[in-house]
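The hints should help you fit chains B, C and D onto chain A, whose structure is shown.
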Amino acid sequence: MNIKDLESIITLFNAHNLSSLEVKEKDLKIKVQRQTVTVAPPAYASSEPQTVPTSKEKEKKVTETITSPIVGTFYRTPSPDAPPYVEVGDTVHKGDILCTIEAMKIMNQLEADFDCEIVKIYPEQASMIEVTTPLFEVKRI
Amino acid sequence: MNIKDLESIITLFNAHNLSSLEVKEKDLKIKVQRQTVTVAPPAYASSEPQTVPTSKEKEKKVTETITSPIVGTFYRTPSPDAPPYVEVGDTVHKGDILCTIEAMKIMNQLEADFDCEIVKIYPEQASMIEVTTPLFEVKRI
Amino acid sequence: MIKTLFIANRGEIAVRIIRAARDLGISTVLGHSTADADSLAYRLADRTICIGGPQSSESYLNMTNIITAALLSRCDAIHPGVGFLSENAEFARKTEDAGLIFVGPSSETIRLLGDKIASRNVALAAEVPVTPGSVTPLESLEEGISLANGIGYPVMIKASAGGGGRGIRIVRNDRDFEQAVHISRKEALSFFGNDAIHVEKYLDHPRHVEVQLMGDGEGKAVHLGERDCSVQNNHQKLIEESPSTVVSDELRHVMGNDAIRLFSHLNYRGAGTVEFLVQDGKHYFMEVNARVQVEHPVTEMVHSIDIIREQLLIAAGKGLTISPREDISNIHAIEVRINARGAGTVTSFSPPTGPWVRTDTHIFSGYTVSPYYDALLAKIIVAAGDRQDAIDIMLRALKEFEISGVETNIEEQVAILTSQQFRSGRFNTQLYDQLFRQ
Amino acid sequence: MIKTLFIANRGEIAVRIIRAARDLGISTVLGHSTADADSLAYRLADRTICIGGPQSSESYLNMTNIITAALLSRCDAIHPGVGFLSENAEFARKTEDAGLIFVGPSSETIRLLGDKIASRNVALAAEVPVTPGSVTPLESLEEGISLANGIGYPVMIKASAGGGGRGIRIVRNDRDFEQAVHISRKEALSFFGNDAIHVEKYLDHPRHVEVQLMGDGEGKAVHLGERDCSVQNNHQKLIEESPSTVVSDELRHVMGNDAIRLFSHLNYRGAGTVEFLVQDGKHYFMEVNARVQVEHPVTEMVHSIDIIREQLLIAAGKGLTISPREDISNIHAIEVRINARGAGTVTSFSPPTGPWVRTDTHIFSGYTVSPYYDALLAKIIVAAGDRQDAIDIMLRALKEFEISGVETNIEEQVAILTSQQFRSGRFNTQLYDQLFRQ
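First to last, the sequence lines map onto chains A, B, C and D. With this note's numbering as the guide, the letters of the first sequence map in order to residues 1 to 141. With this note's numbering as the guide, the letters of the second sequence map in order to residues 1001 to 1141. With this note's numbering as the guide, the letters of the third sequence map in order to residues 2001 to 2438. With this note's numbering as the guide, the letters of the fourth sequence map in order to residues 3001 to 3438.
Chain A on its own, in the form it takes in the complex (with noise of 0.2 Å):
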């Protein structure tokens, strides 16, 4: 491992405002942890997993993340020369795909659920991922 993913990691953690996250992958482990304040109340636990609050400001900087509803491969583009479904800063609409997961040779095309800008793209082009693995964050509008 370098330092640099740490360092991302531990940037994501920040940005979430975790309190604690752990990071493992075959004989690398990472666990981060921020000392929660106890005279504030508890914090509110989202009753919706796949979306997490990442901001204070609850007006207009709320953003989500979506997560991958299956295992597969994440492709970014319809077609290896084609240009990805959506960039950071785009404006998509319910029902626009956001990327491709294939999964035992078939293609599962992923819907935008709500209107949104997306902020982040998460993983890399022709990446595994597993269920649970944040690939979008976005900021409904």
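For the record, the hints were derived by calculation from the structure and aren't laboratory data. Careful, some of the hints might be misleading.
No farther apart than 16 Å at their CA atoms in a straight line, the calculated lysine to aspartate or glutamate pairs in the EDC-like style are these [unchecked claim]: (1) B:Lys1105 - D:Asp3097; (2) A:Lys29 - C:Asp2046; (3) D:Lys3399 - A:Asp27; (4) D:Lys3399 - C:Asp2046; (5) A:Lys29 - C:Asp2038; (6) D:Lys3201 - D:Glu3287; (7) A:Lys31 - C:Glu2250; (8) B:Lys1024 - A:Asp81; (9) C:Lys2094 - C:Glu2108; (10) C:Lys2399 - C:Glu2412; (11) B:Lys1094 - B:Glu1117; (12) B:Lys1031 - A:Glu117; (13) C:Lys2399 - D:Asp3046; (14) A:Lys29 - B:Glu1022; (15) D:Lys3237 - D:Glu3412; (16) D:Lys3318 - D:Asp3216; (17) D:Lys3094 - D:Glu3108; (18) A:Lys31 - B:Glu1022; (19) A:Lys31 - B:Glu1025; (20) D:Lys3237 - D:Glu3275; (21) B:Lys1024 - D:Glu3411; (22) C:Lys2237 - C:Asp2374; (23) B:Lys1024 - A:Asp27; (24) D:Lys3399 - B:Glu1137; (25) B:Lys1024 - A:Glu22; (26) B:Lys1024 - C:Asp2046; (27) B:Lys1031 - D:Glu3407; (28) B:Lys1120 - B:Glu1137; (29) C:Lys2237 - C:Glu2275.
Footprint (simulated), chain A over chain C, 3 or more residues, beta carbon under 8 Å [said to hold, decoys possible]: (30) 2046–2052; (31) 2067–2081.
Simulated restraints, written as ranges between beta carbons of each label pair [claimed, not checked]: (32) C:Gly2219 - B:Asp1005: 36 to 44 Å; (33) C:Gln2430 - D:Asn3257: 53 to 61 Å; (34) C:Val2254 - B:Lys1024: 40 to 48 Å; (35) D:Ser3419 - B:Lys1024: 21 to 29 Å.
Here a beta-carbon is modelled for each residue, glycine too, at the ideal position from N, C-alpha and C.
Frame of chain A, contents of chains B, C and D only:
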């Protein structure tokens, strides 16, 4: 791993104000933690196991427990038809015999270590006692 | 040899498989549900992949996610464990089609044995004694009643596609026959999507005795003696032991050879079990379990053979090389299943340890028993020179078992083990009801 | 039969004895120090009696308190465990005099074997090969140097009353002889209260191999094969295994018969070990351990015999009825000792479990490792079909061993097990130094 990496990790730890960070890779494991301040002082633990203050009024009524130093059979009397060595309310002086403890046919006489008043006698006549069994509750005089 | 093994299961059996793989130098990839993201198997596996949500249908039964995960993580083989997809012929075939080794019998063997009537016919073809009854699904009520009178009441109406005691009705006279057929078909349809039923003789004081086998897939098979699984509550096994107190050396020899003949006939590959009912010294074929079983450790302790290891070796093409112990006169093994009475978080846990005691478990202090899966918390297995000693050692182990945070069946298991009936060895599958329902 | 057993020991061996007693229906009374008032043995025993303060001299070596406690709690017998009073002839005699059964050899046997020179003479009388050397304590420096030249350097100067490697000096030439005698006598006097020393041939690449026996006290003895204890750090055993990679079937037969002859000669009662050094295919008698040993589980796993149980049965007059496994060609057992690096409180603990792994331990989450006693935390014992598999299973078990709060030697043990030297089986008692001090 080298010290530069460790330094980088600790820098990251500090920069992000973490309370705990654990990195494990193959045989290498790094765990960084920062102690949190506890408001209340820890409870006082007595270092003297044999004497236990049994009352809250510290001036006069503090009693102490004399416990058995050996395993054996407890006798309050020197012989079956003799009167007890001590009774509750008696005042005894350092060196006075308090009881007999029989072990392997040998009568061991337990002497008072200090002048005191007998407040309570715990074991029954001829009962088995082990090391630390409370024998007498006494008040120093 | 298999280099990387995908484990499509959870709980103690996933831990068991990881251990056997590790002992062979095989690296492991665990497919887990979101509910099992902090399980012991998760902690022990070399790599983990989330294959779906907490419901089994989303994860442990999700063939596409499992096979995709195995392929993308460059596994050579999939071990299905027990339950879930372990006896699913379609999953075995899809695994084979994806170019992966399915650790188990061929998909055709599984398909054949999954059908009660077909497997009964295979047993008949291999000259294995079966309970008297119909060999084809029941066509009419009249046929059934006539059959029942031929066999003699009581008889049993069973779902042809069934298992786990569901879709079974016992009938003691002509009068009740029609109603029983009606309910049985309805249950069969709702549980198994198939309303085929058939009629068999009902044995009213049987022992459930099963023979463990391993086959090389080319007609050679070896048996590892029997397990007695007669202590059951509502068809759920609670205590298993080997040898059985009702199996003589001669009966063991005959049952073992019957089972070997059947496995040879099937060209059976890997570990499997032939289940018999034994009553009054006679044995009757029930079914084949085309997978490893929860209670396999009992046999492992008797023969000092690691069944999961041998499964992996056979799957890897290393052949069948086990040599079971010939003289089992001075060994007896017992397994007790510790089940949770409900979901909850284990606040403290300390398994029994020490001589002659083996604990197979996936729980630990802080583990949350999920409401989504079965209630098995741990299997305690002991081995000793004879049955009475084994019972005493098991009682010692159960006394040392410490768990808090979830209710368990430990007290009940102690009551069974200390009962005069169990001690004597003279009991049948009704024991649980006799002890706790009368 | 023994009804109530007093256990005059602590730690894992006390737990081990409680378990064996419980399996036999014997109730247990644990004598414990004030420092062990919340030990696992304390929790498991049927009754506990505090026999003194934390210092061993106040409690586990306090004969009067122990025997009084055993008498007053109506015990029939005392098990001394290992260490402490287990090889103390005076304690054995006092126990006998009090009308109690001492679980071990007779006090006379212990007294005889406690003297190195006397036990060497008994070995000679029983025609057991010993290392060349003096048979009587050294009288003069001249005698010693002449003896050393006769044997050939290197030679060893040993405390006659010694044990545990203390009071031993290796001498390689005449020049160093006087100084070594001086130091050796001084150490012997301070450790054992007796400055008698003698001279023996020093073997420079030996294996430490010991034969486990059980005797009936009337001249009959049975051997249970050997344990190889060559992995030692400063004479402290770290890893033990059976069979030894340097013991051929023939050597086993010869050593076993030598050991049996010695035990018959002694009318030895109960469990005991004959220690040999083995070098270049030859074996040399070292000493007899007149008690059960820490590493006894290795032998238990090879032969499926419970040595503590058999100790209790022999002590109770039930005789010697064990039948060791005849063919040990497909079994190998290894024990690894997990030691604490210092005192402290165990904040979390999870022992390895699962197939082929046995954990004998007295620790638990919350247990405090006391500075007063030895550092042993747990013994992990595995059994498998061959040595390589046993090593792999042991590595799996050590990987699963979870402990926090105290530092342990687990990483070091893993390094030994994975070393090319240990794997190959070609190593000697210098292995530890070769791996960690060079």
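- Query: When you check the alpha-carbon spacing of lysine 2094 of chain C and glutamate 2108 of chain C, does it fall within 16 Å?
  - Reply: Holds. Lysine 2094 of chain C to glutamate 2108 of chain C sits at ~12 Å (cutoff 16 Å).
- Given that the stretch 2046–2052 of chain C was listed as covered by chain A, double-check it with a C-beta distance under 8 Å for 3 or more residues. holds (count 7)
- Holds or violated: lysine 31 of chain A to glutamate 1025 of chain B, with C-alpha atoms at most 16 Å apart: Distance ~11 Å between lysine 31 of chain A and glutamate 1025 of chain B Cα, so the pair holds.
- Are the Cα atoms of lysine 1024 of chain B and aspartate 2046 of chain C separated by 16 Å or less? Satisfied, since the Cα-Cα distance of roughly 14 Å is no more than 16 Å.
- Hint consistency between lysine 1105 of chain B and aspartate 3097 of chain D [alpha-carbon to alpha-carbon, up to 16 Å]: Distance ~12 Å between lysine 1105 of chain B and aspartate 3097 of chain D Cα, so the pair holds.
- Sort out whether glutamate 1137 of chain B lies within 16 Å of lysine 3399 of chain D, counting only the CA atoms. Given pair lysine 3399 of chain D, glutamate 1137 of chain B is violated - Cα atoms ~53 Å apart, limit 16 Å.
- Query: Taking 16 Å as the top limit, are the C-alpha atoms of lysine 3237 of chain D and glutamate 3412 of chain D close enough?
  - Reply: holds, 13 Å
- Message: Checking one constraint from the list: CA of lysine 2237 of chain C to CA of aspartate 2374 of chain C, max 16 Å. Satisfied?
- Response: holds, 13 Å
- Is lysine 29 of chain A within 16 Å of aspartate 2046 of chain C, Cα to Cα? This hinted pair holds, its Cα atoms lying about 11 Å apart.
- Message: Quick check on a hinted range of 36 to 44 Å for glycine 2219 of chain C and aspartate 1005 of chain B, using CB atoms only.
- Response: violated, 58 Å
- Restraint check for lysine 2237 of chain C with glutamate 2275 of chain C, where alpha carbons must lie at most 16 Å apart: Roughly 13 Å separates the two Cα atoms, so the pair holds.
- Query: Going straight from one Cα to the other, do lysine 1094 of chain B and glutamate 1117 of chain B come out at no more than 16 Å?
  - Reply: holds, 11 Å
This entry does not satisfy hints 7, 8, 12, 24, 32, 34, going by the numbered hints stated previously.
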